[in-house]
Amino acid sequence: MKRIPRVDARRVPKLCHLETIAPGVEFVEKTGQKDKESSKYTEYTQPKPLFGSKSKRKIISFLEIATDYNVKMISSRQMVALSFDLYTAGYIDKEQHLLLSFQAELQPNFDDTIGALINQNSAPDKQRDFIELWLERCVFEQNYPGPDHKRTYRLKIILNMLTALDKMAQTAQKWQKTKVDDDQTSIPNFPSLSLKRMEY
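The working numbering puts the first residue of the sequence shown at 1, with every later residue one more than the last.
Simulated from the structure, these hints should not be mistaken for lab results. Errors might be hidden in some of the hints.
30 Å max Cα-Cα, derived DSBU-like pairs, lysine-lysine [what the hints assert, rightly or not]: (1) 126 - 167; (2) 94 - 167; (3) 150 - 94; (4) 177 - 94.
With beta-carbon atoms standing in for the labels, derived distance ranges [what the hints assert, rightly or not]: (5) 98 - 164: 16 to 26 Å; (6) 151 - 175: 14 to 24 Å; (7) 146 - 171: 34 to 44 Å; (8) 153 - 70: 22 to 32 Å; (9) 63 - 147: 18 to 28 Å; (10) 62 - 98: 17 to 27 Å; (11) 62 - 156: 15 to 25 Å; (12) 108 - 178: 18 to 28 Å; (13) 151 - 174: 17 to 27 Å; (14) 151 - 129: 35 to 45 Å; (15) 147 - 171: 34 to 44 Å; (16) 90 - 112: 21 to 31 Å; (17) 144 - 178: 39 to 49 Å; (18) 172 - 146: 13 to 23 Å.
Even glycine gets a Cβ: it sits at the ideal position worked out from N, Cα and C.
Could you build all of it, start to finish, from the sequences and the hints given here?
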């Protein structure tokens, strides 16, 4: 018996493929762009991130992230943690998370490759101003654009996110300072009042 090849040359995965190869992958049926009536193919979608079967991850607010990290004095290792917090909280998407979390200094062969070219040693724990670094990256990408035209847009979004984190942290510090000043000056020192009822 002769097998007839599919018109669109795509192999349809069986249910056993889903169970054995990729148990967490969702199976979605999509229709082809060229011939919507006759040609159907299957597509894998990326599963939603799960942080454990029974554990629930706390949603981190933007203010909490801004107060936890100082983006003007942050190391490469801390930037990876910041990127993960922004991604899990939903403030950046996967591509922006990959751009922000990839720090070349954390690579084991940095001193032999990139470090040898720019004459620098790896210092992943040295604190830097990442707003200035991302501004330099944006300017470089605008002057020397690559084949990916959306990269400049993604870099600008990351730069705006880091700037917003810095402004939010400064606002929170000013608010805390004024709150402490108000607490000290606005409440006068009254003598302690007795809770006993006075009988007249």
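Status of the hints after comparison with the structure:
no.: 1; hint: 126 - 167; verdict: holds, 22 Å
no.: 2; hint: 94 - 167; verdict: holds, 24 Å
no.: 3; hint: 150 - 94; verdict: holds, 14 Å
no.: 4; hint: 177 - 94; verdict: violated, 36 Å
no.: 5; hint: 98 - 164: 16 to 26 Å; verdict: holds, 20 Å
no.: 6; hint: 151 - 175: 14 to 24 Å; verdict: violated, 36 Å
no.: 7; hint: 146 - 171: 34 to 44 Å; verdict: holds, 36 Å
no.: 8; hint: 153 - 70: 22 to 32 Å; verdict: holds, 26 Å
no.: 9; hint: 63 - 147: 18 to 28 Å; verdict: violated, 38 Å
no.: 10; hint: 62 - 98: 17 to 27 Å; verdict: holds, 21 Å
no.: 11; hint: 62 - 156: 15 to 25 Å; verdict: holds, 18 Å
no.: 12; hint: 108 - 178: 18 to 28 Å; verdict: violated, 47 Å
no.: 13; hint: 151 - 174: 17 to 27 Å; verdict: violated, 35 Å
no.: 14; hint: 151 - 129: 35 to 45 Å; verdict: violated, 22 Å
no.: 15; hint: 147 - 171: 34 to 44 Å; verdict: holds, 39 Å
no.: 16; hint: 90 - 112: 21 to 31 Å; verdict: violated, 38 Å
no.: 17; hint: 144 - 178: 39 to 49 Å; verdict: holds, 45 Å
no.: 18; hint: 172 - 146: 13 to 23 Å; verdict: violated, 37 Å
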